[in-house]
Amino acid sequence: MNAFQEIGKYSSLLYQALRSSTEIKTYRKSFFQEMVKIGYDSVPIIMLTGFFTGSVMTIQSSYQLDSAFIPLSTIGAIVSESILIELAAVISSLVLAGKVGARIATELGTMRVTEQVDALESMGFNSVSFLVVPRVLAGILMFPVLYIVACVFGVGGGLLAGIFTGTVPVADFLMGARMYFTPWTLIFGFVKMFVFGFIITSISSYKGYFATGGAEGVGTSTTEATVLSCMIVLLADFVLAALLL
Amino acid sequence: MIEIKNLTKSFGDLLVWEDVSLTIEDGETLAIIGRSGCGKSVLLKHINALLYPDEGSVLIDGANIYEQDYVTQRILRQKFGILFQGSALFDSINTFENIAFPLRYFTSMAESEIKDTVMNALEQVNLENVHDKETAELSGGMRKRVGLARAIILEPEYIMYDEPTSGLDPQTSDEINKLIINMADSLGITSIVVTHDMHSVLDVADKVAFLDDQKLSWHGTVENMRKSGHEALSRFVKASEYQI
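Protein chains in written order, with the numbering used here: chain A, 1129 to 1373; chain B, 221 to 464.
Here chain A stands alone, though its shape is the one from the complex (with noise of 0.2 Å):
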């Protein structure tokens, strides 16, 4: 299938998945599990992703800029910023492509190819509604709100590597980090998060309900759900970079 038809494939399905979400009935129960299996659990890989990032920049800023010209709390500036605006949205989102998109691909590819999505359809549900929906609204709620986390433990981690490598003061790292802040920063977090939810979990639940081949199909549909995802978060990114900045 060449670019062109996957792409109308995809348009298709997503059309579908607007007609029918007002059949809230359908999939009110799976989207309050989703939203659970998207946010509530990916909670912790999100704080260590956050953590980490914020702790990492903290340490290699203080080295790349140890001079007597700088003051320390443009690192607190740097670490807070980049993680506001973009390493909390796009790295968070890298590892959700993993966590949430191959389970996504993986589950519905397994009921396609083990005919689930078929006892769906024979009964009379809409497939698209039951499976799709709840996944693709719930990923763009949670995803959100999990920038929250990855904002609040990056910046945290950054302010702890600060204090315990003893090379950013607590004080100097919080002026650097209201020093350059501004309300427009996290709403362009949060219009990031909204758009790579919707891309992470669309193209993941394209992957996965049409999958084909049994074991081996699924396989392939996880894996490019993945790396899809990644590629087109990527360039999201830089299309809402340049549109937004």
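Hints listed in this document are in silico derivations from the structure and should not be mistaken for laboratory results.
Because the structure is a prediction, the values reported are computed rather than measured.
Be a bit skeptical, because a hint or two may be false.
Not close to chain B: a few residues of chain A, all C-beta gaps over 12 Å, as computed [said to hold, decoys possible]:
#1 Arg1147
#2 Gln1161
#3 Phe1197
#4 Ser1201
#5 Met1239
#6 Val1241
#7 Val1245
#8 Ser1250
#9 Phe1253
#10 Thr1348
#11 Glu1352
#12 Ala1369
Residues on chain B that point at chain A, a partial pick, calculated with CB under 8 Å [said to hold, decoys possible]:
#13 Gly232
#14 Leu270
#15 Ile295
#16 Gln298
#17 Phe300
#18 Ala308
#19 Phe310
#20 Phe316
#21 Met329
#22 Ala330
All C-beta atoms in this analysis are idealised placements derived from N, C-alpha and C, irrespective of residue type, glycine included.
Position chain B relative to chain A; hints supplied.
Just chain B, lined up with the frame of chain A:
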């Protein structure tokens, strides 16, 4: 009544079958037979529009299922119960919930009614004590029977069996065949059985449709099948007997 009219299906360049026409009367049990890969299951999935043909139509009680809007099509699909080849049980929920699944979404039954209905269905398939088992814990024969219980839970007018005895030992196959006969007799359901198991055909079917050489090669009653003089059909039947 189900009327299949001039159905043709290809996957890319591969022609599965062409110009298949067949009528399935209410209350009868039709067996669709043929060699592996001849498109029996594909034909089955065309009957309730899980797949679409290149040409032709399928009329369910007079309504062409392919020409209906999606909502009407889903209502027509609810006239069917399907026992899938691999049973297609949802592996994220247990046996009870699998059978209760359609009841929760398509009826306004109270929990106590759902419980009674599910237990009744399990009793009909002789599996009273597995309601709390996870689907992974069920044997192949049990999975088929749970799949059958789920297929009949909304009291369909038609039931389709896709290779109901494949992968089962002869004794369990015999039990499944008895269940198919029992469903047809006690519930008056019109049944379509896709199989290449001639034991099953002789046990359960009133009529037989034989797919061969990319077309519906022969169809008629089970009694007429042996004396049909149809070369490919005779070979198929004889090969099955030889395996016995």
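How the hints compare with the structure:
1. Arg1147: Answer for A/Arg1147: violated, closest chain B Cβ roughly 9 Å.
2. Gln1161: violated (9 Å)
3. Phe1197: holds (60 Å)
4. Ser1201: About 51 Å separates A/Ser1201 from the closest Cβ of chain B, which puts it past 12 Å; holds.
5. Met1239: Since the minimum Cβ distance to chain B is about 8 Å, A/Met1239 lies within 12 Å and the statement is violated.
6. Val1241: violated (9 Å)
7. Val1245: violated (9 Å)
8. Ser1250: violated (5 Å)
9. Phe1253: For A/Phe1253, whose nearest Cβ neighbour in chain B is about 7 Å away, the distance does not exceed 12 Å, so it is violated.
10. Thr1348: holds (19 Å)
11. Glu1352: It holds; A/Glu1352 is separated from chain B by about 21 Å at its closest Cβ, greater than 12 Å.
12. Ala1369: holds (39 Å)
13. Gly232: violated (11 Å)
14. Leu270: holds (5 Å)
15. Ile295: Cβ of B/Ile295 sits 7 Å from chain A, so the hint holds.
16. Gln298: Holds: closest Cβ of chain A sits about 4 Å from B/Gln298, inside 8 Å.
17. Phe300: holds (6 Å)
18. Ala308: Constraint on B/Ala308 satisfied, holds at 4 Å.
19. Phe310: holds (6 Å)
20. Phe316: Since chain A brings no Cβ nearer than about 16 Å to B/Phe316, farther than 8 Å, the hint is violated.
21. Met329: violated (15 Å)
22. Ala330: violated (17 Å)
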